[in-house]
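Number of protein chains: 2
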Amino acid sequence: MPSFVETPVTTEIPGPVSRASTKRLDAIFDARAVHFVVDYNKSNGNYIVDVDGNKYLDVYAQIASIPVGYNNTTLIEAAKSPEMASALVNRPAVGNFPSDQWVDILRDGLMKVAPKGLSYIFTAQSGSEANELAYKAAFMLYRRRQRGDGVEWTEEETKSCLNNAKPGSPEMAIMSFQNSFHGRGFGSLSTTRSKAVHKLDIPSFNWPQAPFPALKYPLAQHAEENAAEEKRCLEEVERIITSWHCPVAGLIVEPIQSEGGDNHASPSFFQGLRDITKKLGVALIADEVQTGFGATGSFWGHDHWNLTSPPDMVTFSKKAQTAGYFFGNEQLIPDKAYRQFNTWIGDPARVIMCKAVIKEILDKKLVEQTARVGSLLYNQLETLAAKHPEYIQNLRGKNQGHFIAFDTKDPASLVRSMRAIGVNIGTCGINTVRLRPMLIFEETHIPILVNALDKVIGAL
Amino acid sequence: MPSFVETPVTTEIPGPVSRASTKRLDAIFDARAVHFVVDYNKSNGNYIVDVDGNKYLDVYAQIASIPVGYNNTTLIEAAKSPEMASALVNRPAVGNFPSDQWVDILRDGLMKVAPKGLSYIFTAQSGSEANELAYKAAFMLYRRRQRGDGVEWTEEETKSCLNNAKPGSPEMAIMSFQNSFHGRGFGSLSTTRSKAVHKLDIPSFNWPQAPFPALKYPLAQHAEENAAEEKRCLEEVERIITSWHCPVAGLIVEPIQSEGGDNHASPSFFQGLRDITKKLGVALIADEVQTGFGATGSFWGHDHWNLTSPPDMVTFSKKAQTAGYFFGNEQLIPDKAYRQFNTWIGDPARVIMCKAVIKEILDKKLVEQTARVGSLLYNQLETLAAKHPEYIQNLRGKNQGHFIAFDTKDPASLVRSMRAIGVNIGTCGINTVRLRPMLIFEETHIPILVNALDKVIGAL
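Chains as they are written, first to last, in our numbering: chain A, 863 to 1322; chain B, 863 to 1322.
You may find that some hints are simply not true.
Same chains, same names: a pair is fine if it fits in one copy or spans any two.
[As the list claims (entries may be wrong)] BS3-like, lysine-lysine: derived pairs with alpha carbons at most 25 Å apart:
1. Lys1271 to Lys1021
2. Lys1198 to Lys1057
3. Lys942 to Lys1221
4. Lys1057 to Lys1021
I should point out that these hints are in silico values taken from the structure, not numbers from a laboratory.
Start from the sequences and build out the full structure, keeping to the hints where you can.
Below, the structure written as structure tokens:
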């Protein structure tokens, strides 16, 4: 069993070939965020190879979005299928002219993993778009209930909305949590509360944010405080919704706040959210863009909540390789066609890739693998944290697959040092390192990651 | 030369197989807008074939988004390339970990057709997203000029923006025109002014709209009135920008308002917009989502404007089979990395398809073909309009390729009758029929379309 990546990193990072390629790119495309340039033909499974020949165990996976490994053979087969060629060449306006395969692509793919209780799907192209579509559905549902089923739109409504004015364009809100990340469109960004670099200078809606529980670790030692903190946050959620200056039509929450620092809450907190939103007629939207598709050791992050009734909508993207939202309530289908609509409504080519991802996850039992390997990884990191208590703090993600994170003094420097010895990891929040392995991360990869962390931290 | 599609339509539309497929789909996916279900394997070139075996000359082309025909061989080659398989299977976070091919995919594709004066590109996944990214760039540029180059963000700014509050989240606006369509996200929808069905019940920003010239046809007979109308609209644009309650950072305009009814304006109107926006420091955004990629007989719709300095940004989607925006001013690259950013930043698979589309357009001289065939088509429609003056009114699109439209009494019924004899066309605005052929529409297709129109209108 190798302790490190076999082919060591042999250049500085980025290496000279990466730098030259990035320089060419930067003349036409903002390349300031490029970490290194990748040779995807040489990358395989859990390993990413850059154009300078450096090989890394990839525990960041394209910002948590590679599901089943580079050059996965099941995915290559889907990519080379005649069905795919047709989807790429004959891109349909899927709401008007779907192909005869479309219904089966959905049934044999996304609908196989639909969250319990949610029987409809709307496809999209990004997590940000998926969330905005869910917000629109929530607003239309809220107004439908106010207006009454079957009540026709008034002329005042249809005229005023064209002028962005009431009553057709009403003041309503989506609530989100402090430190949340829900995307970068004007609606989704209005619910994102993570970092100034995402939001500065962009006009936003006057929508409310609630505090997200700030849990103390280790959880077992702070059970009482943490329960009180969650109770406080739930009270705030209810207080803000009922006192906001306009109706709150929806509440969006990540099962684990990812970009904002890998912040967790207990199942009882989420059960409380379901109770409050149900009582107040607010649509509960689970943003599973980062947690969905198996990363937390269950297929959906909200499976951990043990709800008695499901969220109203569940959005997804990243590991799904496509995007969209599931829902169960028929009334979330608007009263007229063309209200929730756009030219492409997602991309069948990407939905075909998603079907292949789902097949691979189910065939190879990758959710079970993630739970099993994640648990072992967590235990080893717990041991490492005990060895380096100054550098590995607030370890979190127990029983959440390998959706694991910890705080450290200088995460950017730690990430750089890890890359220099062949392990690619990421950061989030202010001082957090996040591990985002692919679902095919195995037992054999644990020592590579843990030994590298031990070496880098030991040298600090 | 056939007068109609060779294989006639043999069932009602949608036919029984279409209806059965749509019913299955509707159980999981809102299928109320489905016109018919398509057999894309049997569709070819300008012809679309439904699952009941009906064959139509497709003059709507997936809401103006099929560029070079169904099952185009150049596109099939691109779809089956090893480069494509890798792009589909190894989807990168392109801002962090681009492939070594990415720069050349852009250079040999999109940058070959970059509008004059615009040397940078940002990729996206839909026209709506492209427009919102352009709005964000406009807002950041406006604030950069206010703040001063190199001036650091204040703590008040970075803190307040997380709360969606001033000064970090400032009140600023994007201006658009009455009857415009710019997409369905919360920002783009705030600039869309076409129909209530697009906007009702969705909260929007208090952004201004200006009147778009309502030209009278035939243009030659109303030159003086039309010039006065355009002057009035330009004056309104300037008046509204300078009197709006908050800064107007950008103005977005379609070269031809498409969804809103195929409304045209003269080059001098657009020159006026460029002059006003330049004077007032407002970014001018040309929304070429429907007009771009050759449909108007020039590669870009705004090529017809004969500007002395280019628009600040040009957005595209639809026929490009991917989306994004071009720009020229380096200051539209934000002062820091990660401000204009998201996980995927478009989809390299779709950008590869776009490269193939561009190759096909340039190799086959399809822009020249569109200009030539469009001119012949316009002339024949002019003759037909003289024959049926009650049913073909305000014919427009002269010298705009085959981007042609006319008003009629009952466009929905005309479209249904046309489908019944094997020609698929679309509507827009309130009483407009729009023709949106593919770029490969040829002289031989003109009589099929024109004879079908003649027959349908003659039977009214």
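Practice prompt. Determine which of the earlier numbered hints do not hold for this structure and return their numbers in increasing order.
Written response: none
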